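K.L.:
Here is how the chains run, residue by residue.
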Amino acid sequence: MKFESKTPEGPLAEKWTKHKFNLKLVNPANKRKYEVIVVGTGLAGASAAASLAELGYNVKAFCFQDSPRRAHSIAAQGGINAAKNYQNDGDSVYRLFYDTIKGGDYRSREANVYRLAEVSVNIIDQCVAQGVPFAREYGGLLANRSFGGAQVSRTFYARGQTGQQLLLGAYSALNRQIANGKVKMYTRTEMLDVVVTDGKARGIITRDLVTGKIEAHSAHAVLLCTGGYGNVFYLSTNAKGSNVTAAWRAHKKGALFANPCFTQIHPTCIPVSGDHQSKLTLMSESLRNDGRVWVPKTAHKGLKAKEAASIPESDRDYFLERKYPSFGNLVPRDVASRNGKMMCDEGRGVGATGLAVFLDFADAIKRVGRDVISAKYGNLFDMYKQITGDDPYEMPMMIFPAVHYTMGGLWVDYNLMTSVPGLYALGEANYSDHGANRLGASALMQGLADGYFVIPYTIGDYLAHLGWNDKVGTDHPAFKEAIDGVNAKISKLLSIKGKKTVDELHRELGLTLWEHCGMSRNEEGLKAAKKKIQELRADFWQNVNVLGGSNELNMELEKAGRVADFMELGELMVDDALNRKESCGCHFREESQTPEGEALRIDSDYAFSSAWEYKGENQPEELHKEELHFENVKLTQRSYK
Amino acid sequence: MKITLKVWRQKNRTTKGEFKTYQHEHVSPDMSFLEMMDVLNTELIKKGEEPIHFDHDCREGICGMCSMYINGHPHGPLQTTTCQLHMRTFKDGETITVEPWRAQAFPVIKDLVVDRSAFDRIQQAGGYVSVNTGGVPDANEIPISKNIADEAFDSAACIGCGACVAACKNSSAMLFVSAKVSQFALLPQGHAERKERAEKMVAQMDAEGFGNCSNTKACEAECPKAISVSNIARLNREYFSAMVSSYKVTVGGGE
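Protein chains in written order, with this note's numbering: chain A, 568 to 1208; chain B, 254 to 508.
Bear in mind the hints are in silico, worked out from the structure with no lab data behind them. Quick caveat: nothing in here was measured; it's all calculated off a predicted structure. Don't take each hint at face value.
[Unchecked claim] Examples of chain A residues toward chain B, derived with CB under 8 angstroms: (1) M568; (2) E621; (3) R712; (4) Q728; (5) K846.
Here a beta-carbon is modelled for each residue, glycine too, at the ideal position from N, C-alpha and C.
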């Protein structure tokens, strides 16, 4: 398969400017002759749909929730990075670029990351103009904070609800275009296939989730802004509905899937309380600024938070401070997560399940007083108490890592186009900017960069070359064929009537991946996982029980279709992890460690993005490699000792 | 814990619904209310009964999708979202009644799932600042005093769940509408269109069939995000000020 990154030539800082000039434009009077489909209405989708409609394109937008405002971007807490340098503390576009590429452990494309840093400044301007109520100083100007260990204060925020406010901003822009007649919005509608003819994306097949009606929609281009696939693990911080179906079905229609094994595991989440657990809740990373992470030096099975005070200081192991004296509790997410898990693996975990470590604020409260801690973290402490029943002012929190974000996703070129012409992927759905590890406050930045400031330029070039006459109607046999395929799958799911619920099978898949393709991975475990996933997939198609019919609201049926896709994706994640015999970012291969037990990258063999090609039902996928060239940054080994 | 659940079951919009009673023997106090429903649904599926449909997504209290009317209160006895309500709030052996939001403008789709698209249409009528992407001033060229920004944030924190409507004896959407109108009335970015916005959003609200506000403040008492009724006062002021200087409205109401 031929695929090229289309990275522009020239000096890094001039690439995007030059590229924008070289892109062909669509005449303003002709834009209304084009139709664009946008699937997903989170930050990437809502911003893209609104911006394209403002330019004059006719947009159809789809979301499976009851309103575009529900998309999971809404749950992002911390903030959004931008190289504004309002604080005069040495930030710049180049520094944000450098931090992002280094944070990603040198597994992303320089040109994309630089462009992200470059447009970050425009995002803040745009959002403020929309009326997004960012935090401000008393003088009336915008406030910033340092986030995720960054050495400059470049994070803009709206209390602990930045994602909500940014999404409501994009949602308002989208609403304006819906009212204006330029966007036709389809809510409670799920995309179930992409239609490709003559090698180009021509439209999609959807299911109206209320009536069950299967429909075809044609367009000149299709944008997938459908988020990440963290829910493959069953338990994650993602919303329950978040899924890989749109991306996966595009993959099966020819779009390469890149770096599927790169999943970010966030260290500070509320631990699992029992088998009933349906999702995990993130506690902001900022808590590690004042909280101290520890476990008892010797195993204390079932130790409760309220009993923590009984462990004397001399019997406590503040393991992050011990192992990483210069960064202490502020080591990056992957390092903190892995070490927490190691303590639990050693049997020193706390709580009823033994799968938790303490995050203790006692010293901080003693040092600065309860009021100061309350002012900083009051809402988080309240949330923790509401969920667990424990009061963090009186006893330590218990935390455990949880799947949070997926850096992997559909492979895209510099224009955000997948390997299928006319099919684009934006936001978390693509793999483009975060390499092997995403920095805090960068997900919101990327979603909005793609939607507001990249796609409005790059899509024009494709459409201008395509011409408005080059469109296939929904009467084309390819649409009929895709509809038949979707219907067959739905009928099959409803006909099995087995003994297991969708959730039971999903949970098993999740546990397998968590165990072997989670925070640390080795060849033996991955091979076992691969076999297990194949068995589970077979079990799913023989034993799943989906009640109800297809012509009504049927949430079990929706879930079943999504889990069927996770079952296939899971195996690809394992294949990708098996293939990458180095440690990098989130991907810790136990076989590739430094003598001190830290991640060891092998740039000579693995400085590439893996891009997997689907080869048919039950066929092994074919690996393609996009070699990464670093002309501007020097590759260094991360060290937090 | 053991509980008895009386749950509203309704096949679709046009079929008449009814309460069904379920004995739930396997409840842990650490479960969220939705997890309790998940476990019940698993048991129902095992017995070959169709699971109870309910809306939910983020399960961390911010997306606004969950919407159960529990023991006579939207989102149950605490001032939180249903997904953040935990079973330790209830007593062992308690009977819990679960209904969908009840409002003419929120028709039931199935069981506990209602159609809240009326909220989207109100936002489409004017809940935005008319700026296109690009061509905007530098963010710091619009200074906003911290007090104003914080107050606008308080209004903007609305999650659009509809608890205010479900709580109101008139099924009024005034708290929801006023939160958005307030956010933009407070911020300089929203000033240019404030009259038009207030008139259009109120007109759409009326057209959707939401009732009027009679100041019982049930909405504020039940709002999971503590949106204040002072927003409604501001909406009234915005609306009257717009009406006396009359911007012509053609959407389903107004003149």
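K.L.:
Go through the hint on E621 (chain A) and say holds or violated, using the shortest Cβ distance to chain B against 8 angstroms.
P.N.:
holds (4 angstroms)
K.L.:
Could you check if R712 (chain A) really has its C-beta closer than 8 angstroms to a C-beta on chain B?
P.N.:
Hint violated; R712 (chain A) Cβ to chain B Cβ min 15 angstroms, cut 8 angstroms.
K.L.:
Taking 8 angstroms as the limit, does the beta-carbon of Q728 (chain A) come near enough to a beta-carbon in chain B?
P.N.:
holds (7 angstroms)
K.L.:
Taking the least C-beta to C-beta distance, is M568 (chain A) closer than 8 angstroms to chain B?
P.N.:
violated (34 angstroms)
K.L.:
Let me know if the C-beta of K846 (chain A) comes in closer than 8 angstroms to any C-beta of chain B, holds or violated.
P.N.:
With a minimum Cβ separation of about 5 angstroms from chain B (threshold 8 angstroms), the hint on K846 (chain A) holds.
Checked against the numbered hints given earlier, this structure breaks hints 1 and 3; the rest are met.
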